[in-house]
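Colleague: For the protein sequence lines, the chains are U, A, G and Z, in the order given.
Residues in the first sequence are numbered consecutively from 1, following our numbering.
Residues in the second sequence are numbered consecutively from 1, following our numbering.
Residues in the third sequence are numbered consecutively from 1, following our numbering.
Residues in the fourth sequence are numbered consecutively from 1, following our numbering.
Take the hints with a grain of salt, since some may be wrong.
As the list claims (entries may be wrong) - DEER-style ranges, computed between Cβ atoms:
1) Q30/U <-> I102/G: 54 to 60 angstroms
2) I4/A <-> M105/G: 37 to 43 angstroms
3) G515/U <-> I22/G: 52 to 58 angstroms
Bear in mind the hints are in silico, worked out from the structure with no lab data behind them.
We put the CB at the ideal spot given by N, CA and C, even for glycine.
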Amino acid sequence: MNSENLIVIQIVLPLSGAALCFVSKLLKSQTLQRLIDWFAAFLGLFVPLGLLFFLYPAVSQHPIQFYVGNQHPLIGIELRFDGVSWLLNVMGFITAATSWLYSRTAGPHTPEFSALFLIQTFALTATASSADLFNLFVCFEILGIASYALTAFSGKGRAFMAAFSYMAVSSTAMAIFLIGVFGIYRITGALSYDGIARYITRITTEAQIVGLGLSLVCIVIATAVRVAILPVYGWLPEAHATAPHAISAVLSGVLIKVPLFALGRFLFLLMSNVSAIDIVFKEILDVLKLSGTLTALVAVIFALSQRDVKRLLAYHSISQIGYVVSAWAIASPMAIAAAWMHAFYHALFKGLLFLSVGTVIDASGSKDVYTIRGAYKVGLIPTIAFFVGALSISAFPPFNGFASKAAIFYLHKGSWEYIILSIASVGTIASMIKLSRMFIPEGKSAKARPEYNPNILVLKPVTGFWLKVSLVIFALACVMGGLFSKEMGRLAGLLVGTETNPVPTHLFTLNSIKGTLSLLAQGVLLYLFVISLPGKYITHKIETRQPSFAGLLFAFSLGIGLLGTLVLLRH
Amino acid sequence: MITILLLLIVIGSTYALFSRDLLHSTIALSMTSVVSALIFYLLHAPDVAITEAAVGAGLSTVIFIWIIKHTKRSDP
Amino acid sequence: MTKLMGIVSLLLLSAVLGPIIITEHPWSQNARDFLLHNGYRDTGASNLVSAIYLGYRAYDTIGETIVLLAAVTGAVFLIKGFGSSHQAPVPSYKRGAIRTNIISMTTGKLAPVVMLFGWYVMFFGHQSPGGGFQGGVVLASGMLFIALGREHHKRDSQLTKKRLHRIEVLSLWLILLLVCIPLTLGAAILENPLTKIGDSIPRVIYIIGFNMAIGLKVGSGLSILGLLMMDMQHDD
Amino acid sequence: MMINRILLLCLFLLGFYGLMVLKNLVKKVFALSIQNSAVILLFIVEGSRIGDHAPILSEDQVRYVDPIPQALMLTAIVVGICVTALALALVYRLYQKYESLNVEEIQRKANNE
């Protein structure tokens, strides 16, 4: 069983899990149905994690590049399983497996849910290792269809509207992606990255350069919609806030990152050999770096002004993906390793936050951060889980957020992004303080507060074995990630192909602790400002801004117009 | 020849989008898929012609008429 | 206001998409010439589109079938809803009383012809235009014709949705089996296994097998969706 | 020919404009499927410039059309119809809950829920 078959088996396994779930849908008896669902999830989510450890030795030497079914390179579909895909699969399977465990007690139990969940995982692994343009289009479509259907599973009216606007924006983006594929295939005659890269070195005429440059712009902006950075993130808050909690964890944790690294594989491979359109790549990456940094700041401001708890967390996902994109766009191997580390750690602590806050919401019935009080009554594990997640997202030393954010700040040393990203992390701390208001006991202080409302919600401790197991797994992963961040950094660096460890060596020194404390102080100050009267006026104005459907598409055309004119002005 | 048919498709689509009665726009849309199936046949793409005819004219018309039956037929 | 936004975005889009679509570029021919010479030798299918669709790029077709599976599952689950579809007030005239004899007669007689055409398109996908997916869609419309053709009350006896669900799951497992069979013969996944056995068995059988499995899968999936949409009044 | 490509660009822009400006949800789904068919037409019209025979191998030596865009567009048509089916299922549930097909009305009702 050589490693090529192992890779395709690892992709097909979640698919066979989904097929098993469909078999369980036909059965009558409940116990048999649940048994087969469990076996399907074991086969589709946990076995591939094991396969990954078999694949590690082969991947760490050299990337495995082959054509599915040994077909001819000119026509066949190229798969490239290198270090980055191994890392993406680790992130994808861990987050999916743990969120699926959470859904055994809290989330939807129907076999269709598990089947679509496993199809979504199949799409994640397929996107992580696909190296063919049209295959990337098909994987994005499977990813999209599965997440529209899963978002609508929560049954709420807003979820259907959110799923519809997400579907409209990304199927327009996919149509423009196809036009990009058309532009590239027409000139290069090949669809696999290898063929395109080989042909790009031979283009000379001006018309070909403009045609290829604009097709690249189409492909980049279509992927940017799925990654939800600055101009085109409008669909994400509504979709992640109304989806079931397990799905919000996977959507925020993995689904907005895998397209970014899949686009990275395409762009970085094409940039590796010198060609006439290298300037276009540089421009696109500069614009992405700028938009990633601004996303981190703008999304935190929106997050600070939300009343709905899950929308606050959804805006946080956009700001954290802004960090990842600003690091990824530097395109050096160390930058990719740092971007992956933050993406993986974000998947862990964002999953933790979504699941623990989701438990509190289900127990209390309300989603408003100002009315929920005494959330600690929900139980010891969800409370600890929430605080572990909140501390790691605000980058406190022992937890994993500290290491990965330090890695990203180390990359941006001495540039203007450093300042903007640190302002954004101050905003993160402030919004986490705002979020932890839920855990204040209802005592006198709550009654004195003006917006005290009579029907304080009586919170009962939450039962559910698998709910607690998933929260414990995520919390442990966050703590271990923080403590062993150096080894994780070396692993990521080795797999991406750089000796330098993205995690800076002076991690736990005195001045980094001092830096964190100063950030904390500014965070508290910002929080006090948000609570004060002018702050409340501004946040109310931001929060009640109507998300218009036409606005989403207008932002999309602005994005594509900006990138396109950049390329056109050059030639 | 292809240009005339493409012009027909553009006109059919504009009528489908801006007509008041959704049933008329469904029929206009299935007309455009039949014409595009004809274009595929003329351009020596029989596979795509069968698919476009079966899906465009057959399936999407059925689905659109079902949604009109269960929601409103007139636009504003 | 949105009209203004619409016009501005049209200008932006035409500035970007225009040069890609409108400028004249010579279409690259190396893919076509390669297929001309050894398309038949590799896959055994004389219809080059089927050779690509099920031979060289079969991985895309698997992905496409999964897209259809996810969409049909999601749509059926949404339409059936959480049991709430029955509360929708169904006025009496919608209960199929309007199905006159003409419809029952014509669709009843036409159904076998459509089904026959569907099976033909599915089976001869490798030589004549057609293939798994087109055959499946024609089969699904044939099933709807059968459902329309019978009188209103007798329709549910044969075409219970349970049997269609079973066909759908069976064909999904058939596709997975076809994907993994080459492993047993030492070939890579999705590689034509018959190349390993030598030239005694024509290679095109692997493509015909795929055509059948995908045709059954698409046909049963879309029939379930169509039947659900047709008789919204009473589910099984 | 140039005029064909200009018409295809207009068809795509029509779909985008319709998706953005029209208020009725079902019409937005129309616009989605128009966009999709515009891209499919583009691939096939451009792909069949280099030959004048359908890509089915026969004995006589003739210039065949490029089969690859046709194989790709089979998948794109399937994806288009799947997105349409799922979108209309969502529209059906939205109509059941909010009794309206107007996007702004639905968003207003959803926000003050």
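Colleague: Taking the hints in turn, state whether each one holds.
Modeller: Verification of the hints:
| no. | hint | in the structure |
| --- | --- | --- |
| 1 | Q30/U <-> I102/G: 54 to 60 angstroms | violated, 46 angstroms |
| 2 | I4/A <-> M105/G: 37 to 43 angstroms | holds, 38 angstroms |
| 3 | G515/U <-> I22/G: 52 to 58 angstroms | holds, 54 angstroms |
Checked against the numbered hints listed earlier, the structure breaks hint 1 alone; every other hint is satisfied.
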